[in-house]
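Got chain Y sorted already, so can you dock chain A onto it with the hints?
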Amino acid sequence: MDDKRSELKKIIMDIRTLPTLPGVINKLNTLSENAKASVQEMARLVSSDQVLSARILRLANSPSYGFYRVSTISNAIILLGVNVVKSLAISSSIFEIMERSSVGLWEHSLGAGVAANLIARKLALPECEEIATAALLHDIGKVIISLKCTESEQHIKKMIHEKQLYMREAEREVLDTDHAEVGAWLSKSWFLPDKLSEPIAFHHDVQLSQNHRIKTAVVHLADVLIKASGFGESGDRYVPQIQKIAWDVLKLNDEILTELVEELEDKLVEARNFSLEMQA
Amino acid sequence: MQKIPLMCATSGMKLARDVFRNDSPVGMPVCGKDTVLTDSLLARLDHLEVKSIYVEGHPLWSEGEKTLDEILCDLDLRFEKVRNDPLTSKLHSIYTAFLKNSMGDSSGRQTL
Numbered sequence: 001m002d003d004k005r006s007e008l009k010k011i012i013m014d015i016r017t018l019p020t021l022p023g024v025i026n027k028l029n030t031l032s033e034n035a036k037a038s039v040q041e042m043a044r045l046v047s048s049d050q051v052l053s054a055r056i057l058r059l060a061n062s063p064s065y066g067f068y069r070v071s072t073i074s075n076a077i078i079l080l081g082v083n084v085v086k087s088l089a090i091s092s093s094i095f096e097i098m099e100r101s102s103v104g105l106w107e108h109s110l111g112a113g114v115a116a117n118l119i120a121r122k123l124a125l126p127e128c129e130e131i132a133t134a135a136l137l138h139d140i141g142k143v144i145i146s147l148k149c150t151e152s153e154q155h156i157k158k159m160i161h162e163k164q165l166y167m168r169e170a171e172r173e174v175l176d177t178d179h180a181e182v183g184a185w186l187s188k189s190w191f192l193p194d195k196l197s198e199p200i201a202f203h204h205d206v207q208l209s210q211n212h213r214i215k216t217a218v219v220h221l222a223d224v225l226i227k228a229s230g231f232g233e234s235g236d237r238y239v240p241q242i243q244k245i246a247w248d249v250l251k252l253n254d255e256i257l258t259e260l261v262e263e264l265e266d267k268l269v270e271a272r273n274f275s276l277e278m279q280a
Numbered sequence: 001m002q003k004i005p006l007m008c009a010t011s012g013m014k015l016a017r018d019v020f021r022n023d024s025p026v027g028m029p030v031c032g033k034d035t036v037l038t039d040s041l042l043a044r045l046d047h048l049e050v051k052s053i054y055v056e057g058h059p060l061w062s063e064g065e066k067t068l069d070e071i072l073c074d075l076d077l078r079f080e081k082v083r084n085d086p087l088t089s090k091l092h093s094i095y096t097a098f099l100k101n102s103m104g105d106s107s108g109r110q111t112l
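In order, the protein sequences belong to chains Y and A.
The UniProt record's numbering applies: residue 1 is where the first sequence begins, and numbers increase by one.
The UniProt record's numbering applies: residue 1 is where the second sequence begins, and numbers increase by one.
For reference, chain Y alone in the conformation it holds in the complex (with noise of 0.2 angstroms):
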């Protein structure tokens, strides 16, 4: 394995030099695993933490749920379900991070989580709630990349200027691995369930993801579909091909796709809002 690889893999699994946890997901993860414990038990755990309920309300108010009135904890439980509140609550800190130091890649990732939403009740697909929470985490790897390689996130832009590389081409270059790799060491440490984790590890190569490949293929054309938007900066211009086998998984066609556009764009309105009124 290479250097660069292993180390910042080591990073990574050593939760200590990741962004802080609160203590409350601990024991929210010990509660979840009781089956007698009910919504309420939870709510009133996570709630104890007001700062923690407040980023987890306002992530799960943001378009991609599409939700709007989520004003209490037990709320977000019920219609969100235990397993998108934790991993909110889990990734708050880096959304936190990617609000106050990369608003392009945080608007890239609402956008892909609005686009996976859509998709996703478009072709009546379940766990709609979990596949847009894949999607709003999809480039969590990019975050870590640029908190922990400075230097190395410097030298990527640079190539994907010079070269016109695509992002993770640029970044196996520089670290020998990307972000992609990245989000799945850091869903690993955080231990995301394997219908999040997936499709974060595998959103560029969907034929490699094994038990949840229609999510996995549904974050990666949500992807394709808010970059051909423009909307956000993921760290390269460029739109990435569709994959065939995505495209065959999911069963789509020419006028599934000008519908998913046409009302994507409509629901960007609503995101591009959304985003301004968090800048504010």
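None of these hints come from the bench; they were simulated from the model.
Keep in mind that this is a model prediction, so the values were computed, not measured.
Mixed in with the good hints, there may be bad ones.
Cβ pair distances, simulated, as ranges [what the hints assert, rightly or not]: (1) Ser-52/A / Glu-259/Y: 25 to 31 angstroms; (2) Glu-263/Y / Pro-5/A: 23 to 29 angstroms; (3) Arg-100/Y / Gly-27/A: 32 to 38 angstroms; (4) Pro-193/Y / Asp-18/A: 33 to 39 angstroms; (5) Gln-207/Y / Lys-51/A: 45 to 51 angstroms; (6) Gly-27/A / Val-39/Y: 25 to 31 angstroms; (7) Glu-255/Y / Lys-3/A: 24 to 30 angstroms; (8) Met-7/A / Lys-9/Y: 54 to 60 angstroms.
Glycine included, C-beta positions come from ideal geometry on N, C-alpha and C.
Frame of chain Y, contents of chain A only:
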């Protein structure tokens, strides 16, 4: 579709979305999608303290906003690596048609 302040709306514009009181996305709409605006309707919306509305097309242009040609040029640049891929080039064609249809002709545009 464009979101514009109510004060910039003029009669003849067509609503692209239902209008709700105070921009709230829930509750009963006070005016339905596809309604063509009239002076009396605009006065009524103003009386209801509606601040902004969504209208069809792109009737208002702010200074520095890109023209349709510039937007299409940006689209081509974003797709430059995948123009020869059959599936992704479909998406490019769909986006081009969508932008032409939704933004319309930007000549003689009205500045906000």
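So, going through the hints one by one against the coordinates:
no. : hint                                     : result
1   : Ser-52/A / Glu-259/Y: 25 to 31 angstroms : holds (26 angstroms)
2   : Glu-263/Y / Pro-5/A: 23 to 29 angstroms  : holds (25 angstroms)
3   : Arg-100/Y / Gly-27/A: 32 to 38 angstroms : holds (34 angstroms)
4   : Pro-193/Y / Asp-18/A: 33 to 39 angstroms : holds (37 angstroms)
5   : Gln-207/Y / Lys-51/A: 45 to 51 angstroms : holds (49 angstroms)
6   : Gly-27/A / Val-39/Y: 25 to 31 angstroms  : holds (27 angstroms)
7   : Glu-255/Y / Lys-3/A: 24 to 30 angstroms  : holds (28 angstroms)
8   : Met-7/A / Lys-9/Y: 54 to 60 angstroms    : holds (56 angstroms)
Checked against the numbered hints given earlier, this structure breaks none of them.
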